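Can you make the complete structure from the sequences, with help from the hints?
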Amino acid sequence: MAQAFDPSTFAVLVVEDDPLLLLDAVDMVEQAGFVAYEARNAEEAIRLLERHPDIRLLFTDVEMPGEMDGLKLAQAVRDRWPPVWIIVVSGHGAVTLADVPPGGQFFTKPYAHDAIISAMKIYASSMPL
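If you use the working numbering, the sequence shown closes out at 130, no skipped numbers anywhere.
Calculated from the structure, these hints are not laboratory results.
Everything numeric in this text was worked out from a predicted model, so none of it was measured.
It cannot be assumed that every hint is accurate.
Straight-line C-alpha distance at most 27 angstroms; calculated DSS-like pairs for lysine-lysine [what the hints assert, rightly or not]:
hint, residue 1, residue 2
1, K122, K110
2, K122, K73
3, K73, K110
Right, here's the structure in full:
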């Protein structure tokens, strides 16, 4: 018999530089029952990943200020924290799934909240307890 999935055991790091979109994404993640951490750029995201080993999912926008955009952040996370699952979102048509590190997912903006949460829950329920 499969154990019941508890989303509160998985933390999601939301990386978005637009304050309203960040607030909306964090609310979406928390409404689904996940623990949410928030960062406004890649450098802040890396610091959070270093301090919080409970982060199991990265949800990042591509366009953001700083030395590293969301695609570079996703690759850095794949290299340094391979178990962390990655979802990349962008409103720019030039980004595709091929740009995302292996095993990650890509959604265009505006994205459907239920599609993002479904993807997060599928991943989280497949992780060993």
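Results for each hint:
1. K122 with K110: holds (20 angstroms)
2. K122 with K73: holds (24 angstroms)
3. K73 with K110: holds (19 angstroms)
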